[in-house]
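Q: Could you build all of it, start to finish, from the sequences and the hints given here?
There are 2 protein chains.
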Amino acid sequence: MENLRFLLYEVHTIQDLLKYKRFEHIGGIEEINLLINAAKDIADKEMYPFFKAMDANPVVYKEGKIHSHPQLKNIFKAVADAGWFSSTAALEHGGMQLPFTLYSAAHLIFEAANSSAQGYLGVSTGALELIESFGSTALNEMFVPNMFAGKWQGTMALTEPQAGSSLSDITSSAHPTTNDYYEIVGQKIFISAGEHEACENFVHLTLARIKGAPAGTKGISLFIVPKFIPENGELLDNHVICAGDFQKLGQRGYATAHLIFGESGITKGFLVGEANKGLSYMFQMMNAARISVGQTAAAIASAAYYSSLYYANERPQGRHIADKDLAKEQTLIINHADVRRMLLQQKSFVEGSLSLVYECLKYVDLEKVTEGEEKEKMYLLLEILTPIVKTYPSDAGILSVSNALQVLGGYGFTMDFDLQQYYRDIRIMSIYEGTSGIQSLDLLGRKIPMQNGKAFQLLITEMMKTIFMAKEMDELKSYAEILAAVIATYKTTLHHLLQFAKQGEVEKYLADASLFMELSGIVTLAWQWIKQAIVAQRALSGGGAEKQSTAFYESKMETMKYFFKYELPKNIAISNTLMNPEMVTIKKKMEVLM
Amino acid sequence: MENLRFLLYEVHTIQDLLKYKRFEHIGGIEEINLLINAAKDIADKEMYPFFKAMDANPVVYKEGKIHSHPQLKNIFKAVADAGWFSSTAALEHGGMQLPFTLYSAAHLIFEAANSSAQGYLGVSTGALELIESFGSTALNEMFVPNMFAGKWQGTMALTEPQAGSSLSDITSSAHPTTNDYYEIVGQKIFISAGEHEACENFVHLTLARIKGAPAGTKGISLFIVPKFIPENGELLDNHVICAGDFQKLGQRGYATAHLIFGESGITKGFLVGEANKGLSYMFQMMNAARISVGQTAAAIASAAYYSSLYYANERPQGRHIADKDLAKEQTLIINHADVRRMLLQQKSFVEGSLSLVYECLKYVDLEKVTEGEEKEKMYLLLEILTPIVKTYPSDAGILSVSNALQVLGGYGFTMDFDLQQYYRDIRIMSIYEGTSGIQSLDLLGRKIPMQNGKAFQLLITEMMKTIFMAKEMDELKSYAEILAAVIATYKTTLHHLLQFAKQGEVEKYLADASLFMELSGIVTLAWQWIKQAIVAQRALSGGGAEKQSTAFYESKMETMKYFFKYELPKNIAISNTLMNPEMVTIKKKMEVLM
Chain A
3 MENLRFLLYE
13 VHTIQDLLKY
23 KRFEHIGGIE
33 EINLLINAAK
43 DIADKEMYPF
53 FKAMDANPVV
63 YKEGKIHSHP
73 QLKNIFKAVA
83 DAGWFSSTAA
93 LEHGGMQLPF
103 TLYSAAHLIF
113 EAANSSAQGY
123 LGVSTGALEL
133 IESFGSTALN
143 EMFVPNMFAG
153 KWQGTMALTE
163 PQAGSSLSDI
173 TSSAHPTTND
183 YYEIVGQKIF
193 ISAGEHEACE
203 NFVHLTLARI
213 KGAPAGTKGI
223 SLFIVPKFIP
233 ENGELLDNHV
243 ICAGDFQKLG
253 QRGYATAHLI
263 FGESGITKGF
273 LVGEANKGLS
283 YMFQMMNAAR
293 ISVGQTAAAI
303 ASAAYYSSLY
313 YANERPQGRH
323 IADKDLAKEQ
333 TLIINHADVR
343 RMLLQQKSFV
353 EGSLSLVYEC
363 LKYVDLEKVT
373 EGEEKEKMYL
383 LLEILTPIVK
393 TYPSDAGILS
403 VSNALQVLGG
413 YGFTMDFDLQ
423 QYYRDIRIMS
433 IYEGTSGIQS
443 LDLLGRKIPM
453 QNGKAFQLLI
463 TEMMKTIFMA
473 KEMDELKSYA
483 EILAAVIATY
493 KTTLHHLLQF
503 AKQGEVEKYL
513 ADASLFMELS
523 GIVTLAWQWI
533 KQAIVAQRAL
543 SGGGAEKQST
553 AFYESKMETM
563 KYFFKYELPK
573 NIAISNTLMN
583 PEMVTIKKKM
593 EVLM
Chain B
3 MENLRFLLYE
13 VHTIQDLLKY
23 KRFEHIGGIE
33 EINLLINAAK
43 DIADKEMYPF
53 FKAMDANPVV
63 YKEGKIHSHP
73 QLKNIFKAVA
83 DAGWFSSTAA
93 LEHGGMQLPF
103 TLYSAAHLIF
113 EAANSSAQGY
123 LGVSTGALEL
133 IESFGSTALN
143 EMFVPNMFAG
153 KWQGTMALTE
163 PQAGSSLSDI
173 TSSAHPTTND
183 YYEIVGQKIF
193 ISAGEHEACE
203 NFVHLTLARI
213 KGAPAGTKGI
223 SLFIVPKFIP
233 ENGELLDNHV
243 ICAGDFQKLG
253 QRGYATAHLI
263 FGESGITKGF
273 LVGEANKGLS
283 YMFQMMNAAR
293 ISVGQTAAAI
303 ASAAYYSSLY
313 YANERPQGRH
323 IADKDLAKEQ
333 TLIINHADVR
343 RMLLQQKSFV
353 EGSLSLVYEC
363 LKYVDLEKVT
373 EGEEKEKMYL
383 LLEILTPIVK
393 TYPSDAGILS
403 VSNALQVLGG
413 YGFTMDFDLQ
423 QYYRDIRIMS
433 IYEGTSGIQS
443 LDLLGRKIPM
453 QNGKAFQLLI
463 TEMMKTIFMA
473 KEMDELKSYA
483 EILAAVIATY
493 KTTLHHLLQF
503 AKQGEVEKYL
513 ADASLFMELS
523 GIVTLAWQWI
533 KQAIVAQRAL
543 SGGGAEKQST
553 AFYESKMETM
563 KYFFKYELPK
573 NIAISNTLMN
583 PEMVTIKKKM
593 EVLM
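Chains A and B, in that order, give the protein sequences.
Everything in the first sequence is counted per my numbering, starting at 3 for the first residue and increasing by one.
Everything in the second sequence is counted per my numbering, starting at 3 for the first residue and increasing by one.
No wet-lab data here; the hints were simulated from the structure.
Each hint should be verified, as a subset may be incorrect.
One copy or two, it doesn't matter: identical chains are merged, so the pair holds either way.
Unchecked claim - Within a straight-line C-alpha distance of at most 27 Å, the following computed DSS-like cross-link-like pairs (lysine-lysine) qualify: (1) Lys510 to Lys479; (2) Lys479 to Lys590; (3) Lys473 to Lys64; (4) Lys467 to Lys21; (5) Lys377 to Lys456; (6) Lys67 to Lys54; (7) Lys479 to Lys589; (8) Lys213 to Lys330; (9) Lys47 to Lys75; (10) Lys493 to Lys479; (11) Lys510 to Lys279; (12) Lys330 to Lys590; (13) Lys220 to Lys42; (14) Lys473 to Lys54; (15) Lys213 to Lys473; (16) Lys153 to Lys79.
A: Right under this line is the structure:
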């Protein structure tokens, strides 16, 4: 909580948002704190106590239905009562019109407490926001109020068995009728929250092709396909079959449905917005979902970090390396340098990732409330940062939780501790909402070249501003100079890759997109660490308002130093690989892997 | 199997062992192949078909007993009937007197098929070898025949709740009596195979302190503590209580017992060898176990690699990056550069690790059959390589299986595929038999300084021999030169660290032992890849006997190139960190992590 307040108010100063008209009804930091504390209360009482139980008694599919944990119903109620489902919706639509940043701060707390449970809530909010943005008034009236109330579950239904990550290849079809609906036929898999027992209806935001639509992503439309159609106060069966639930390694309390439309009868779908623009609408939800996956990964890794930190501060074992006197008591393992390294690595990943998440969240809000050039700038920064904020926290988070487990040694591998569950739960984050490989292609293939590299230029400019500020501070000058040098190498490396693009050698340009992503993640995190260090150092020097304890700020400085010593140098190795002309991942004729 | 034969006969030429007296009763490669094929037969019929079942129906503790999967009994029988429990024992003791390398090759196949099941077999063999080496004739006669027959289970009982990795702090005690036994009192946890239903007796090789023994590791003795004492053809209760089984993230078919000695009655223990020398005896078993953990990690990662390779060759998705024509069918995912990169990474980790394992195994056998300086050389090479061969395959194996899972995308996260189980099973390998942190302290703190750095010198000399050979080959010259340069940096880095040791700054010297381990692993693997490439390139040039297909050798060359482009450059980043004078993992006064 201390760290969240530090990020919100000191590093990213989200109180600045309150000066915009859209948010001026919010009282101030005190009111925000009350809201966040109320979310913490729900997490403490309704969510974390069921974290292990929802894993041990996972969602199961039996006799045509998905059975979920009974607590889920109470969670939906508590979250709806507190208004979180309608928190970002406009006042005029019955919402609380809060900044997305603040909504996300509440969800961060939910994710850390019980990421399976939070999943249901997050996807429902994303779905109703999509209807609010692009759906007709009629559709809004038909679906949104019950979603606000936590009675109906919203979902996103994209993936199909034969298409996976390749959305151009989806085949679910929509046939126009003379009525206000289309007939939907097709199958969707991996539908998170696709069915369960805590809600009475399911509102599937579904991608499908209208008969005769162009091939590829330009022929995809967005439909609302409810499980039951509300008519005159009744719920009529819409013939959405739930054919199964995927049993998973982690997030076992979170349903993952297989849905079939139009097989047992007519399945009606209501077109959202214009035909063939479905994918562009869906990207609103997907972009938010991508930031949210990054945040969830950081939240799980954060819970794992504190769990291992607590253990390291309680568990005596062995003696300090410089004092092997066997007559003395064993020392706490946090005093072993290697344990401390594993803790600092986690802290640097988790808090660096969260800082990046809140950087992006603030841009989301600013994009909504600004105009013209400023709005365009926010849009572009978000475009380039979204694949990074999805990927770095996920990939680094998996390593981070692995380190947390390692701190506990053999105990970490047992079911008696939470670590094994965090280890399983977080593994999906590099796959959800576009795998790390897909995100990397998005970054290097689409976001870097967009508008002649303008988004990239803006990002570098933001980083240089931070460096400039840090250079003015004695304690940070040397780190700022290191980062400036790293950014220079980063640009050289990109320039090297762009030569392939200019020569039309797309395959060579994109072959190592994943490594370019890794490099971008490291550079971006180093930037966020300098940002945090500027605030911490000012507070330590007495120049800023001392809102947290001295130990808190010192700990921030140490973690920044850790990142610069242990993580940032990896950029050299990655650049070295990216500049190496030998191509080994591009398949040549006749060559097989065995 | 193709790769195993390549490593055994072409890279490490284990047929050379047959010229030594100890192994001259073995017919030749044909006989070895028959033995290995017989092991494969057991793995295919008795082990792999139960791989998922032993996980889905894990070992459980109920009413004072551990209940194991019924198939385990058949596995013990098949392995005993084939003679594998007695395979390395001397002919005169009723064994087959096979090289340890060959025994390990059989176990590699078992580990890849079902690592939980193999665990029981491996620890039993290790225990009986220990009795054979250091136990009296009477103890040998009392325990070993039934262990050969797979009727009695051998275990190693080291860990205690309060001591964990710190063996100096074990408190289990042994009280001398006027009879031939000691009375043992104490508790042991995490005892693999400590109790189950497939064997009728358990032979616990137990570390305990004889009353009045010196403090620390110099006061530890080794005892055989059986669950039942054989007397006149009967088995008498020895009051070993099994107080529980640790439920685990992975290897759920493998029992992990909590044992209590001397609480419900007198527990007798029989001293093995001399008093207070227990830890040095145990190191025979531990060193073999450490190589075996490295091999098990590589075996699991190998199974995961082939599983993901098979999937990538079957699953169509998306289109080739340079050909986005939507009218064409989707391409197989193996044709995407990023998928190929993930496969090559796995292949480079798995086959590089296995090559290192077989390097070490050959040294184990050579140490047994050679004399004088040669024997000493084998001993020293093993001393320095053992922590590396335990750690690299485990740490890299965890990443490797994670990549295998990633290749399958969302499917990899479901219980429908094996990947999620490999992901859980392999996680313990960085903890078993001394965590990676402990191994790193062993490497930098004990093995590097031993005999004034002689072991390290010998290792570098071996590497330089390989480099010298590679430099003579046009296709390998440039890679050999790169590795020579990396080794120079490696030595400089070590020299930098040794300055701290010379100044008595032990804490600074050892603070980043884990990074020095990572660096050593990368250098060692690069050496093994050049070794394999020499053989492959000779075969491709027609200069060697072409035992495998051309595609096999080409695939080896590609993987070596992958390792040199993507993995080896990481050495620069690690050296950079190791030479950085800023100390952030050594705790200063008053400073806390939050």
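Q: Can you name, in rising order, the numbers of the hints this structure does not satisfy?
A: Hint check: 3, 11, 13, 14, 15 fail, others pass.
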